[in-house]
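Protein sequences, first through last, are from chains A and B. For the first sequence, the residue numbers in my numbering are 1 to 683. For the second sequence, the residue numbers in my numbering are 1 to 376.
Honestly, I wouldn't trust all of these hints.
Rough simulated footprint, nothing fancy, chain A against chain B, three-plus residues with beta-carbon under 8 Å [what the hints assert, rightly or not]:
1) 47-57
2) 66-75
3) 83-97
4) 146-159
Just so you know, these hints were derived from the structure itself, not from any lab. Think of the CB as a built atom: it goes at the ideal place given N, C-alpha and C, for glycine as much as any other residue.
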Amino acid sequence: MPRLPAAWPAILGLGALIVAFIGVPLGAMLLRSAVVSAPLSAVELIDVTAEALDLLPAPEREALLAQWSARANARQRMEAVAAALEASGLPVPWDRTAAYDHQVAAAAQTLEALPAAQRAEVEALLPLAVAALHRRVPLAFRLRDRLSEDEFDRLRGGVSERLGLDHYLRVVTEERFRRAAANSLLLAGVTTILTTGLALLAAHGVNRRIVVAAGAARFGLLVPLVSPPVVVATAAVMLFGRNGLVTYGLLDRSLGWIDASVGNLYGLSGVVIAQVLSFLPPAFIIFDNLMARQDGRLDEAAASLGAGPWRGLLHVSLPMAQPGIIRAATLVFILAMTDFGNPMVIGKDLPVLAGVLYDEMIGFQNTPLASAIALWLIVPALSVYLLLDRIGRRKRFETVGASAASTIPSPAAARIGLSLLVWSIVGFTAVIYATIAAGAFVSVWGRDWSFTTAHFTSAEAVPGFVSSHAGIAPVWTSLAVASVAAPLGGLMAIAVAWLAERFRSTATEALSFLVMLPAILPGVVFGIGYLVAFNAPLGMAALSLNGTHAILVLNILFGNMFVGVLAGRAMLRRLDRSLEEAAASLGATLWQRFRLVVLPVVRRAILLGTLYVFVDGLSTFSAVVFLQGPDIDLAAVAIFESAESTYYGKACAMSVTILLIVFAVMAGLRLIERWSGEARRAE
Amino acid sequence: MTTLAFEAVGKRFGGTVAVDTVDLSVPSGSFFTLLGPSGCGKTTLLRMAAGFVLPDAGRVRVGGIDITRVPPHRRGLGFVFQSYALFPTKTVYENIGFALALRGDARARIASRVTALCRLVGLHGLEDRYPHELSGGQQQRVALARALAPEPPVLLLDEPLSALDAEIRARLREEIRRIVEELGITALYVTHDQEEALSISDSIAVMRDGRVLQAGSPSEIYLHPRHAFVARFVGTANTIDCHILGADRVQCGDRRLPVRPNGHAGLAGPTILTWRPEHGSLRPGSVDPAALPGRLVGASFLGPVVRLRLALASGETVLAERTARDWFAAPLEPGAELSLAIDPDFATVLPADEQSRTERCLDFPPPGRRSSGSAP
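Given the sequences, and given the hints that come with them, work out the whole structure.
Pasting the structure below:
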């Protein structure tokens with residue numbers, strides 16, 4: 001392509017950013033998950049120490065060795081003898097687990113019993129063995145300037161790192177991981193089947209206009225897309241938990257039907273309900289997009305050939321929805337597998353793999369193991385995808401663009417059934433949001449129903465019952481982070497989309513693949529990747545981004561850029577290429593073409609991309625939960641922590657504030673859109 | 001052998017009337033076409049026959065049985081869509097055999113029927129293809145075979161050819177006609193293409209604004225339109241203002257012309273005279289009292305004929321034809337004075353509709369646009 005050279009610097013620049021902030025973290029995480037530390041053997045320790053000692057001038061070295069050897073006590077000498085024997089290739093004949101004084105005597109005997117030549121050899125090694133076993137740390141610090149970071153660590157820790165799948169194997173071999181994995185698979189399986197089925201039915205009902213007030217129902221189903229974390233689980237606990245409004249307040253206290261400490265929603269069923277309601281909107285959107293484009297004539301054709309509504313659904317609509325089923329099932333499976341919020345809030349006695357990962361990461365800072373678990377989490381979802389795709393590949397097809405809804409009146413039973421189903425989902429969602437709104441203004445849910453605004457301030461709602469988060473301050477932190485990330489993300493996404501569409505090449509295709517990766521991989525993976533990659537980038541601790549606002553901005557930006565890229569590419573594909581060529585022929589430079597021709601056309605895509613980064617920055621937490629430093633509290637994480645430690649008022653107050661912000665921003669954008677649309681018409 | 005009948009059928013969509021009290025009977029075994037511009041209600045009428053749309057009023061009968069409230073999948077009528085509407089997830093074989101499999105036919109029976117249908121519509125050897133691997137014409141053949149598979153008594157076709165190229169359209173239309181004739185089924189065919197309607201149909205109903213303006217054989221519709229709109233929509237028609245003088249005579253400008261006696265004598269209000277360009281004959285000079293005087297303003301060569309544009313003394317413009325051989329034997333210069341005599345058998349007097357004047361000038365017939373410049 002003749003114009004490629006002009007775009008080359010732009011592609012290189014953006015490419016470097018994308019590789020650095022998407023490719024590198026994922027790669028680093030992959031690498032980290034395969035790093036296994038193991039203590040060095042005595043022989044290896046002696047070798048390492050000898051190498052380090054060789055860096056010293058000979059007199060200094062001899063003096064040190066003599067000094068250390070002289071100061072060694074009996075036990076240290078015994079251990080040195082054992083190590084020296086090993087290093088000389090001789091057996092250690094005494095019991096190394098016996099009491100020390102027995103061992104000391106046995107060592108002396110062994111040494112004496114050796115033939116003279118061997119004994120001399122072993123004794124020559126002794127000072128070195130003492131140093132290797134007991135003086136490596138001072139030696140390492142003495143040589144710090146002359147050793148590389150790795151050599152220093154190795155000498156000081158006496159530990160070697162190697163590549164291996166040990167962390168992955170632990171998940172399979174250790175009982176506690178196996179149990180959690182089984183729970184995860186069961187949970188994800190049930191959630192996926194229920195969510196995909198419900199979303200499919202709801203989308204069918206809404207798009208075929210079988211459901212009463214289909215437009216309103218679609219809106220109601222999509223609203224929870226904008227949702228702070230664990231909202232559903234929190235509301236469910238508030239309603240159906242041990243002290244839940246319904247379970248305890250109504251059924252136990254008022255009616256005496258159940259014992260709320262037993263009959264509550266905690267456990268698998270509670271997690272399933274919370275997950276289904278949380279993941280229904282994204283699954284629904286997939287089917288909705290697919291079915292909105294579907295030709296209603298196909299339904300009519302099926303009917304004219306003798307297929308009633310039920311058989312038409314089975315034989316025509318279902319096969320048509322198959323790509324959607326694959327996509328939605330994979331998405332929900334990944335979401336359910338990697339979700340630790342819902343199981344931790346409402347699961348309680350149900351350990352899942354994602355929860356174990358969270359504990360390993362937050363509790364034990366065992367990054368390699370956490371990385372390995374995170375990758376394990378994707379395996380089943382990928383298998384599901386590949387399996388479904390394999391089934392689907394037998395029947396490739398293209399959907400036609402034509403779309404007119406079928407006008408065949410649907411039978412009353414279907415109308416009533418689907419309306420009930422869809423509207424009860426919408427109704428349940430409404431109840432959840434109402435609960436959250438109410439919870440924000442109640443002193444202590446389930447105990448003290450007095451009205452308060454204290455959850456929004458740093459004041460204590462009830463003296464002594466204080467969350468670690470003061471007021472809703474984390475929301476403002478999140479707002480700041482999201483506000484910085486959003487416009488950057490939106491603009492970068494469009495630039496990437498434009499380069500990918502206009503200068504198609506292997507390079508740009510590779511870039512857009514990288515940009516799409518965070519969409520496929522769970523947030524946990526992307527978060528851990530950042531932690532690993534930017535702890536000490538390029539081996540320099542001074543460049544560390546961990547604990548800064550910058551890493552949060554970058555993570556949110558690059559983790560959600562794909563939406564803007566997808567929208568931008570779709571829009572640019574419709575933009576007539578000759579428009580740009582005309583501009584080029586009039587002498588517009590690359591930058592001028594982008595600014596004057598492309599930008600005005602893709603305004604909506606930029607808005608969408610920006611909005612998505614913004615909303616996600618405010619509400620999702622699976623990536624940033626591992627990244628926020630000790631001095632930074634992000635709202636999403638704070639909500640999760642509050643809900644998990646039963647400070648529901650705080651969690652509700654922050655959720656309500658986030659929802660208000662998001663809806664205000666959306667309404668504002670819509671107003672601006674309308675206003676600018678009118679202005680344009682007026683011209 | 002089944003008739004399809006609409007009795008006072010009506011349908012509104014919101015505030016707009018799509019079909020306004022239509023009575024129509026499609027005789028058993030006939031190829032019947034609904035012809036009209038887009039939005040005339042022809043497709044809605046067809047879809048009411050299929051059961052895709054419920055009429056607000058009236059009934060639909062097949063073979064005398066009222067099927068107005070029968071859901072589409074129990075009507076057993078075949079339907080062919082403009083967009084083919086083949087099931088993209090199914091092969092040609094599965095598409096054609098769909099209805100048979102649904103009703104539980106034995107596998108062997110389905111196989112023999114599908115094979116026979118593939119032969120009938122010329123798809124032999126393509127059974128394992130998917131729809132997107134076929135051309136538009138082949139897809140429509142599949143759609144036709146699929147609709148015919150369960151041996152429906154009535155076949156409904158909704159502009160089945162309008163998405164195809166002109167050449168394939170002409171060929172496939174002959175084949176549809178042949179197949180329907182061979183099977184002896186009743187066909188109701190919707191199109192906006194008058195040439196297609198004329199060539200394929202036993203009968204045509206011309207529709208506008210939800211009403212049937214005229215129904216009859218193609219030749220009746222073409223030669224003896226009973227409505228100004230029908231005259232203009234089907235083929236090319238000349239229409240000029242006229243006054244009725246008697247059962248077989250009208251006055252146009254200062255000329256009195258003989259016309260076909262067709263019961264127009266009682267008409268009140270403004271009337272028009274209409275005829276086809278090929279039914280006028282031209283003579284030099286402008287003195288013939290039974291012919292219209294005019295001046296040649298343009299001629300365009302159409303192959304077998306040359307179409308001439310005449311400006312009449314009244315200011316109206318009309319079209320006339322001459323065979324190419326006559327024209328090239330004695331070509332005329334623009335501005336030549338001519339008189340146009342109209343064959344009285346094909347000169348029809350009709351009440352002027354409100355659109356006569358504007359449409360005559362702008363759209364129908366399109367003298368200004370089609371015959372620009374002079375003949376070669």
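Of the numbered hints stated earlier in the document, which are not met by this structure? none
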